[in-house]
Every structure is written in structure tokens, then in C-alpha cells.
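Q: Generate coordinates for the entire structure from the input sequences, incorporating the hints supplied.
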Amino acid sequence: MAAMSGDPQDDPELRRAQEKRLSEVWAQPQGWRYWTAVNNSEVGLWYTATSFGFMFFAGVLGLIIRAQLAVPDAGLVSAETYNQVFTLHGTAMMFLFAVPIFEAVAILLLPAILGARDLPFPRLSAFGYWCFLIGGLFVTGSIFFDAAPSGGWFMYPPLTTKYGGIGADIWLLGLSFIEVASIAAAVELIVGVLKCRPPGMHLNLTPLYGWYVLIVGGMILFAFPPLIAGDFLFEMERAFDWPFFDPTRGGDPLLWQHLFWIFGHPEVYIIFLPSIALLAMMVPTFAKRPVAGYSFIVLSAIGTGFLGFGLWVHHMYTTGLPAVSLGFFSAASEAVAIPTGIQIFVFIATLMLGRVERSVPMLWSMGALAIFVAGGLTGVMLAIAPFDFQAHDSYFVVAHLHYTLFGGMMFPLIAGIYYYYPIATGKMLSRRLGIWSFWLLFVGFNVTFLPMHLSGLLGMPRRVFTYPADIGLDGLNMLSSAGAAIAALGFLVFAWDVLRPKGEADAAERNPWNAGTVEWQLEMPPAPWGARSVPKIESRYPLWDDADHLRNYDEGRFYLPDAEEMQRETIVTSVLDAEPIQCLRVPGPAIVTIVAAFLLGAVFILATFELYAATIAAGIGALAAILYWTWTGTALHPEKPAKDIGLGVTVPLYLSGPRSTGWWAMFITMLGDLTAFVGLPFGYFFFWTIHENFPPADAAGPGWVWPLVAGLLLLGAWTATWSARLLNGRGRVAAMRLSLAIGMASASAGIAALAAGPWWHGMDPTAHVYPAIVWALVLWTSLHVAVGVIMQAYCLAGSVTGKLTPRYDMDMWNVSLYWHFMAFTVLVTVLVIGGFPLVA
Amino acid sequence: MGRRGRFDQRGEIAIISTRQAHFAPRLSRFLALCCLALGCLALAACDAPQSALAGAGRESAEVASFFWVMLAAAALVWLAVMGVAVLGVFRPPARVTERAARWLIVGGGVVFPTIVLAGLLYWGLGLLAERNTAEADLRITVQGERWWWRVTYERPRVPADDDPQRGRASSAIARVVSANEIRLPAGEPVEFVLHAQNVIHSFWIPSVAGKMDMIPGRETRLVATATRPGVYGGVCAEFCGTAHALMRFAVVVEPKEAFETWLRAQAAPARKPLASAGARGADLFVSSGCGACHRVRGLIEAGEVGPDLTHLASRRTLAAGIAPMTGEALVRWIRSPQSMKPGALMPAYAMLPPDEIDAIAGFLLGLE
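One line per chain: the protein sequences are A and B, in this order. Numbering of the first sequence is given in this note's numbering, commencing with residue 1 and proceeding in unit increments. Numbering of the second sequence is given in this note's numbering, commencing with residue 1 and proceeding in unit increments.
Since the hints were derived computationally from the structure, they do not count as laboratory data. Where is the CB? At the ideal position from N, CA and C, for every residue including glycine. Warning: the hint list may mix true and false statements.
[Claimed, not checked] Example chain B residues on the side facing chain A (calculated, C-beta under 8 Å, incomplete): (1) Pro-49; (2) Ser-51; (3) Leu-53; (4) Ala-61; (5) Val-63; (6) Phe-67; (7) Val-69.
A: Shown next, in the form of C-alpha cells:
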């Protein structure tokens with residue numbers, strides 16, 4: 001390529017001018033405006049630092065737990081405080097560290113790993129970050145007001161619905177808010193992997209990290225929504241006394257356990273797989289050869305992802321389920337050991353085939369393996385129901401889960417931080433401190449948690465603030481507490497290494513580990529532009545396989561070497577073959593995302609304190625901010641239809657429909673939304689299975705007339721929206737506007753008709769779970785249709801003002817996609833509430 | 001170290017190999033130490049009264065042996081996997097072929113676990129099947145309360161008239177209500193029927209059986225056979241609020257005859273207090289309103305809210321397994337239950353004069 005005669009990139013003057021333009025376009029804002037940055041390198045760094053901040057907070061809570069339990073009958077903290085401490089320890093570690101750190105690291109690294117300049121929706125990442133920060137501070141801060149949740153991180157009702165103060169609401173609303181951020185990040189990352197790979201990076205050339213991000217993003221999409229549905233039911237019970245979990249009025253506490261663990265078990269893999277992904281990037285580098293068995297690892301990661309959804313009942317073995325269920329879920333839980341084992345053996349095989357260079361990341365990786373394999377083996381034991389009858393809710397499980405999380409997550413993550421630190425900062429971490437912190441943490445961890453297997457089997461239950469002196473637990477607990485102190489020291493050494501001021505001596509060389517993957521093409525220290533030119537990829541390890549790669553990259557001989565129009569740009573490619581199909585203009589710094597996040601945060605926080613008027617006001621403000629953001633920042637008309645991105649390729653600047661990133665984002669978001677919705681009919685039929693007569697024969701139902709009318713009106717609104725998209729595409733703008741107006745009217749009437757059924761039949765949602773679940777379905781569907789009406793109005797306004805035209809019709813495509821999902825939601829709601837009582 | 005050139009490849013290997021040659025021996029020495037320490041502790045804890053490894057019941061013993069086998073197998077697997085991995089890092093280079101590596105992945109990741117896990121499932125689920133077919137003549141209904149246990153003994157399968165030998169005894173013990181301590185006849189299967197009043201609890205006697213949750217609105221069951229007489233500990237295993245850690249109970253396993261004798265004694269109403277101090281205590285018990293929550297059969301039969309106290313002094317512990325049954329502990333409990341059990345729902349009676357509390361405690365200690 002370099003030898004091509006007459007290549008304009010031969011001119012060093014031109015290259016310097018290009019670099020100047022790129023630097024200027026991608027420069028971060030200065031002063032306080034720095035916080036308005038949206039670029040993945042900044043947001044990813046804040047996200048990572050914030051997650052670690054919450055981890056240290058939760059770690060201190062863990063130390064309080066160990067201090068309290070060091071000796072029997074201790075009184076360091078009161079029972080009530082202890083219960084808040086362990087609840088918040090688990091909650092913060094899971095929701096504020098283990099899951100967000102995946103999003104954080106992926107936002108930080110994914111563009112580099114894909115050779116892209118940024119993720120497709122930088123402002124969405126920033127919005128997600130601010131939501132995470134606000135929600136996290138709200139939840140963790142509560143402990144300083146003695147108002148923290150104290151019902152355990154699993155929040156089992158009726159303990160949490162009937163008793164306790166505001167803590168349960170803080171947990172529910174704070175975490176719902178953070179779940180929004182998680183799903184936003186998942187959408188961003190999935191679209192990133194599917195649509196922002198560099199040209200030539202076929203799916204089977206995708207770096208393993210990309211595969212894992214795709215799988216984990218998909219898992220978040222299907223795992224978090226059931227919890228959101230559960231939270232919705234839970235909060236309706238807490239705030240308005242709708243008895244979903246109250247057995248005296250037909251509810252059942254086990255429904256929550258199912259919804260929680262349908263989320264909670266896949267979550268384990270959501271936490272574990274991203275760290276394995278880091279190992280998958282590091283192991284080949286230090287073995288100095290490609291990973292042995294690329295297809296094995298991809299297929300087994302997908303297999304783990306699928307199986308992860310079929311195991312949730314093993315958290316509920318002791319709830320008295322029939323033996324058939326126990327047997328089935330025991331077998332499924334054992335089966336997941338197979339794909340997990342394959343991934344581990346792929347790494348071992350790679351090490352055996354290669355010539356291993358021993359380094360700090362390798363040391364942490366080996367430690368991870370030692371701990372994770374031990375945790376996996378105790379998991380195999382726990383999966384057998386009769387053994388779990390003993391070990392469940394004992395310290396054996398505490399030991400097991402910490403082994404899997406430290407081995408499967410913490411150690412690989414720290415290995416990854418040692419490995420990728422140069423990409424974030426341009427500096428290297430210290431080898432000496434890395435080895436010190438490893439041994440302190442490794443020894444401290446094992447001294448803390450290995451004895452817990454035994455204390456559990458000696459009869460120590462979980463979540464106890466004290467234990468008696470005479471039952472053989474004293475020595476083991478003292479040992480665990482001593483180990484925790486050593487482990488804490490290890491963390492401190494690590495934290496010091498990361499945070500200590502670094503000088504010239506710490507500066508990283510380019511590609512310091514001699515890796516083969518594309519992220520190591522970055523200049524050291526990394527330049528603000530993310531990629532000097534977006535590479536053309538022909539192999540899995542381009543830096544090893546293509547001797548000219550770095551020169552072509554540096555001299556801008558790949559794609560997009562310039563920013564002629566002074567716009568931030570990255571390349572969108574096709575999903576399977578990564579053919580370039582669009583030059584995507586991505587937005588720069590913005591304050592509206594922060595405003596939107598704060599207003600949405602206010603909605604959740606004010607609702608916690610039952611200040612409903614202020615909640616509604618904040619909600620209107622948040623809606624206005626989001627509309628302003630989308631109106632001014634998305635679907636902008638480019639100044640020209642297409643652009644030459646180099647190497648003789650010209651691609652359009654604007655895409656709509658299934659080829660565009662926006663359509664995919666809507667599609668993926670709505671898949672998650674639909675999954676949450678499915679939680680409600682799941683609840684309806686769950687009650688049907690546990691009650692002999694459900695719907696109760698003597699209970700008033702919504703009838704079939706009003707649901708039928710509502711169904712027809714809402715499906716009419718869907719048809720009208722779809723027609724509007726087709727009419728607009730054919731240039732019949734007036735007809736399109738009329739169709740949209742009809743759709744809005746029909747949808748609004750549909751909402752009224754949907755509520756009319758239960759309303760006219762006097763269904764009281766506080767009386768019994770049947771009216772409550774019917775109202776829950778009606779409420780959910782109505783709120784969604786209402787959002788659909790706002791979208792229709794947005795398109796109508798866009799058409800009138802010229803933002804939405806037959807040529808620039810992205811909004812219309814996305815709104816009509818939203819309505820396709822609405823059609824399904826409406827159909828299910830109407831069939832369940834109106835149709836099912838006729839056949840039940 | 002610390003200079004810019006430190007990541008030069010050859011220099012790197014030279015530096016590390018001196019520094020990290022200790023990696024493997026250090027690891028194994030550390031692990032050996034851990035095992036040794038744990039072994040000592042395990043020996044020291046041999047007579048732990050709440051141990052799931054004690055094997056004082058049929059179900060518990062089965063699971064304990066199952067566990068020891070699994071533990072040995074797991075230790076071997078761990079050593080093998082780590083051995084191969086450490087070999088991969090330290091072994092002289094280039095002796096493994098791609099083909100061998102593929103076999104390692106398929107053999108270690110697919111074939112080996114499939115065989116081992118299938119065997120494990122066969123054995124483990126076999127244990128499950130046996131449990132479901134077990135039948136029991138003695139039914140003990142346990143209801144989880146905040147934070148204590150309501151215990152009822154019944155023999156539903158033995159109609160009083162049909163059993164000439166046990167007829168009198170059986171009819172006498174049609175239903176015995178007690179609390180916070182469970183007695184079991186050695187060698188006889190017992191069916192526990194489990195309920196909960198307000199929140200979820202979990203009923204766990206590690207030395208005898210596994211655990212089973214107690215869920216409001218549901219009924220769960222657990223069949224267990226205690227085999228070795230002795231006194232064991234039981235606990236609530238599901239987090240149930242403030243005093244979860246202090247929701248325990250003693251389990252007394254006795255030979256069958258001793259158990260029957262005990263059960264007959266429990267079925268009888270409380271003995272009338274003979275000593276005058278006891279009589280004063282009984283009067284104070286009634287006049288202070290204790291009977292609103294607590295029943296003492298033969299004296300006052302109203303209260304259903306708190307534990308039945310008819311034979312309180314026959315129990316080993318007070319307040320759901322958290323204190324010995326002594327006068328001192330009883331006085332403290334009556335005066336300020338929350339100081340012994342944070343969150344306890346019984347009101348404090350600190351306003352009663354000390355001599356009245358002493359009298360009530362004296363009366364209660366007479367309820368054998």
C-alpha cells in the first residue's frame with residue numbers, strides 16, 4: 001500500500017495538517033467544561049474510576065463485617081447497622097462495581113480494540129455514566145443517614161415489603177435507575193461491536209474481547225429486564241399496597257425470587273465473562289502466539305451465555321420445589337461447567353503451545369486461574385441439590401461466591417488493568433508493586449475465604465451479625481478476619497500503584513507487551529483522536545501478521561486519515577462482513593446529557609421520598625431535556641450526501657433503517673423492553689399455576705369488550721404509524737402527517753379504552769393480586785403507548801419543521817420500529833387480560 | 001528495573017526468571033501451609049455441635065460422605081489443572097503440537113467433565129430420590145416467628161384406638177405445643193412441616209438434616225432421621241430481619257423411650273406451683289399481663305403471640321437458643337429483651353420492681 005505511487009499521504013506536510021485537524025476536533029474541553037466531555041476515553045476512565053471508588057467503599061464495609069465477626073458475640077456495630085452494612089456490601093459490589101466495571105472497561109477499550117475512533121453514541125455513554133454516578137451515590141450515601149437498605153442484596157419480600165423503613169425504596173429506585181444506565185451501556189456496546197468494527201474485520205476476525213462484549217451485552221439485555229419488571233411490581237406493592245408478594249391476598253413471595261434470580265444468575269456470567277475476555281486478550285500476547293482454538297472459545301462463551309439463563313433455580317433449591325425441578329436444574333447447573341472448562345483449557349493450551357513471557361499481568365492471570373478453578377469446583381458441589389440443602393445460605397456459599405468472583409473477575413480485572421493501563425494513560429504500572437500487591441492479595445484472599453468453606457459446614461449461616469463462642473467457629477473466623485486485613489493491604493498497594501504520580505520513567509513505549517491485536521497500534525501516550533487512521537483488517541493479529549501495519553496507520557494510509565469538515569467521524573460497517581457503509585458523525589461535548597441524567601435521577605430520588613408532585617415536575621423536565629437532546633443532536637442533515645473515506649471508498653454520511661446504528665439501537669433497546677414486559681404475563685401465569693382458581697371465579701374482571709376495543713384502537717395506531725413511514729418514503733408528506741395524527745388520536749383513545757375495562761368493573765388493585773396484576777399490565781402498556789404518542793408527535797413536528805423529510809427519515813424508521821414492538825405488547829396485554837379469563 | 005528499557009524482551013525474561021522462579025514452590029508451600037492450618041482447625045472443631053459433617057442423622061451422614069468424596073475429587077482436579085497450567089508457563093518451550101493442544105481442550109474441557117459430572121449427578125440425585133420416598137409417623141410442625149420457633153408435635157398416622165400398646169400414650173399426645181427446642185427420637189424418621197408467619201425463615205439442623213425454607217403462605221416439608229443421641233444446634237438460615245443471627249434452637253436427640261417419656265410430660269399441663277414464692281410468681285405472671293402473649297397450660301390459656309411456656313424450664317436455652325436457662329438470664333430477659341436480642345418484639349418489663357421480676361422468673365423456672 002505504501003508503495004502506491006501518487007498517494008497523497010506521501011506528503012508529510014499534508015499529514016501534519018491532518019494531525020492538527022484531528023487533534024483539534026477530538027480535543028477535550030478545558031476547565032469545568034471538561035466534565036461535558038462525551039468521548040469514550042474520558043467517559044470510560046471516569047466510569048472505571050467511579051466503579052473502583054464504589055468497590056473500595058464496599059470493601060470497607062466488608063472489612064467492618066470481618067472486624068465484627070473476628071470474635072464471637074462482638075459488639076463493634078449493632079445488629080441493625082450490621083444488616084445495613086452487609087446489604088450494602090453485596091448491593092454495591094454487585095450493582096455498583098461488578099456489572100458497571102464491565103461497562104466501564106468496555107467503553108474505555110472497545111473502540112481501541114476495534115480500531116475505531118469512538119462508540120456510535122458517545123452522549124448515551126456519558127448519560128449512562130452520570131446516571132450511574134447519581135444512583136450510586138444515592139444508594140451508598142444512605143448508610144450515613146442510617147437509612148440504608150437492610151434486607152439483603154436479594155431483597156426478599158415479605159421482609160422487605162412489610163417491614164423496614166425507606167431503605168427498601170432506596171434500593172429499588174436507586175438500582176432501577178442504575179439498571180437504566182446498564183441497559184444504555186449494553187445497547188451502546190452491542191451496536192459498537194456489530195456496526196463499528198473496522199473495514200475487513202469479518203465476524204470471525206473479531207477480537208475475542210469483542211465477542212465477549214457482544215455476548216455479555218446480549219445477556220444484560222435479557223437478564224436485567226426481569227429485575228426491572230420485578231422492581232416495578234415491588235415498588236407498586238411498597239408504595240400503593242398492590243399485593244403481588246403478599247400471600248394473605250393471593251400474592252406469593254416466590255414470584256420475586258424467580259424474577260430476581262432469572263436476573264441474578266445470568267448476572268454471575270455477566271460479571272465473569274468480561275474478565276475472561278481480558279484473559280483472552282492477554283494470554284496470546286504473553287504466549288506470543290494466536291489463541292489456540294478461537295472457534296472453541298467463541299462457541300463455548302456463547303454456550304455459557306445461553307446456559308446462564310437456565311440455572312436460576314439453583315438459588316432456590318431449599319424453597320420446597322418438586323424433585324423433578326431440582327433434578328433438572330442440578331443437571332443444567334453441572335452442564336455449565338463444560339463450556340467454562342473449555343475456555344479455561346483453551347488458555348492452558350495456548351500457554352503450552354507458546355513460549356510464555358512471565359509478566360505482572362500473567363502472574364495475576366495465573367492467580368485468577370488458581371482461585372477460579374477452586375470456586376468452580378465448589379460450584380459443581382453446590383449444584384447437586386442434596387449437598388446444597390446443607391451448604392445453602394451458609395458460609396460455604398460465601399466462600400464459593402467469593403472464589404468465583406475474585407478468580408473469575410477481580411484477579412483477571414487487575415491483570416487487565418496492569419496490561420491496559422498504558423492505553424488509558426500512556427504510563428506503565430510498577431512491576432515491583434504489582435508483584436507485592438499480587439502476593440498480599442492472593443495470600444490474604446485465601447486466608448480469608450478458604451476457612452469459610454469449613455465454617456459454613458460447621459453450621460455458620462450467612463448474614464449473621466454474631467455467633468456463639470462454643471460451637472467451634474472462633475478460630476476460623478479469627479483467621480478469616482486476619483486474612484481480610486492482609487487482602488486489604490494488597491488492595492492498598494494496588495491502589496497506590498494506580499494513583500501514584502508517575503514521571504518520565506513510567507512512560508510506556510508503543511506496544512509495550514509486543515501484542516498482536518489492533519489496540520496496540522495506538523501512539524504512546526495515546527493521541528486524542530483514538531485512531532490516526534481506521535485500519536483495514538485482514539487477520540486476527542494484524543500487528544504480528546502485517547509488518548507495514550504501524551507505518552500505514554501512522555502515515556494515515558488507512559481510512560479516514562483526516563477531518564476536513566472539522567467533525568468527529570468514525571466508520572460504520574455491515575454486521576457480518578464489515579464492509580464500510582457509512583461515515584458516522586459522532587457528537588462532541590454536551591451539557592444536555594448531564595442535565596437529563598440529573599433530572600431523571602431526581603425523578604427516582606423524589607419518588608423514594610413520595611414527593612409525587614415534584615417527581616412529576618422532574619419527569620417533565622427530564623422528558624424535555626431528552627427531547628431537546630435528540631432534536632438538536634441526532635439525525636442531523638449532513639452538508640453533502642457522501643464522503644470519500646480513503647482507499648478509494650466513498651460512503652454515505654446519512655443512513656436510516658436497518659443499516660443504520662440508530663435503528664439497531666432502537667431494536668436492541670426494545671428487545672430489552674419486551675423482555676421486561678414479559679415479566680408481567682409471567683407473573684400473571686405464575687399466579688395461575690399456584691392458585692386452583694385464577695382468575696378467581698367470583699372476582700370482577702376487565703371483561704372482553706373494552707380490551708377488544710383497546711386492542712383495535714392501538715393496533716390501528718400501529719398501522720397508522722407504519723403507513724406514515726411508508727407514505728413518507730414515497731414522498732407523500734401530507735398523507736404521512738395525516739396518518740401520524742390519526743395514529744396519535746387512535747393511540748390516546750386506546751389508552752383510555754384499556755383502562756376503562758378494569759375501571760368500570762371496579763377492580764381494586766389493593767384487594768387481591770388478580771386485579772393488581774391486571775392493572776400492572778394495563779399501566780405498563782399504557783405508559784409505553786404514551787411514549788409512543790410522544791414519538792409520533794416528535795415525527796410530526798419533525799416533518800412540519802423540515803427535520804424529517806422523505807430523504808432524511810431516520811426518526812420515522814425508528815418510531816415505526818418502536819410501534820412494531822408496541823403492537824406485540826398490546827396484543828399480549830389484551831389477550832391476557834381480556835382473552836384468558838374466557839378460556840381459564 | 002524501572003528504566004525505560006525494561007521491557008526489552010530478552011532482558012525481561014532474564015530479570016523475571018530470577019525473580020519468579022520461586023513462583024511455583026512458593027505457591028505449593030503456601031497451599032501446604034493452608035491445608036495444615038485447616039486440618040488442625042478441623043480436628044479442633046470435631047465436636048462442633050452444629051456441624052454438617054457430624055453425621056448425627058441419616059440425611060446428614062449421607063451428604064457428609066458425599067462431600068468428602070467430592071472434596072477429594074475436587075482437590076485432584078484442581079491439582080491437575082494447575083499442574084498443567086504451571087507446566088505451560090515454566091516448561092522448556094515447543095514440545096507440544098497443535099494436535100495435542102486440541103486434545104487437551106477437548107479432553108479437559110468436554111470429555112473429562114462430562115463423565116465426572118454424569119457420575120456425580122447419578123449419585124447426588126439418587127440421594128434426592130430416597131428422601132422423597134421416606135415416610136414418618138411423627139410429625140413436627142415448626143412455624144418460624146420473629147425471632148423464635150413455634151413447635152408442635154403430632155402423630156397423625158397412629159389413631160389412638162388402633163394401637164393397643166401405644167394407645168394411651170398416643171391419645172395423650174395428640175398434639176403437643178412447645179417452642180424453641182426440638183427433641184427427636186433416635187432412629188425414627190420425622191416429618192417436619194414448615195410454615196412461616198410473617199417473613200421467610202429457613203429451618204436448619206446441620207448435624208441431622210439439611211435445611212428447608214419456611215415461606216409465608218406456603219407449606220414445605222423435610223424428612224429426617226436422627227441417629228446419634230446428643231445435643232445439637234439448629235439455626236435460621238434465611239435472613240429474616242434484625243435478630244436473624246439470634247434465631248437458634250437446641251436439638252436434643254434421645255433414645256426412643258426417653259423421647260416418649262419426655263413427650264408425655266410435655267403433653268401434661270403445668271404443675272401447680274407448690275412453694276409460696278412460686279405462687280406469687282404465678283399471680284404476678286397473670287396480673288402483669290404476660291398471659292396475653294404466653295400460654296401456660298393449666299394456668300392461663302389465652303396467649304398465642306409468644307412462645308408457649310408450659311414447660312419452659314425443661315428447655316435448655318432461653319429466647320430461641322441464645323442464653324442458658326438460668327434465673328439470671330430470665331431476669332435479664334424479662335427486664336430488657338432487646339438488650340439480649342436486638343429487635344425482639346417482647347416488651348421490656350423494666351418498670352416492674354426487681355423482686356417482682358425475680359418472683360416471675362422463679363415461677364417460670366419451676367415450669368419443668
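Q: Run every hint past the structure and note whether it holds.
A: Here is how each hint holds up against the structure:
With 8 Å as the threshold, the beta carbon of B/Pro-49 comes within range of chain A, its nearest partner Cβ sitting at about 6 Å, so the hint holds. Here the hint on B/Ser-51 is kept, as its CB sits about 5 Å from the closest CB of chain A, short of 8 Å. For B/Leu-53, the interface hint holds, since its Cβ comes within 8 Å of a Cβ in chain A; the closest pair sits about 6 Å apart. Hint status for B/Ala-61 relative to chain A: violated, with the closest Cβ pair at about 11 Å, above 8 Å.
With a least beta-carbon distance of about 5 Å to chain A, the hint placing B/Val-63 at the interface is held under the 8 Å criterion. A distance limit of 8 Å between C-beta atoms decides the matter here; for B/Phe-67 the minimum to chain A is near 6 Å, and the interface restraint holds. Hint status for B/Val-69: violated, given a least beta-carbon distance of 10 Å to chain A, over 8 Å.
Violated hints, in rising order: 4 and 7; the structure is consistent with all others.
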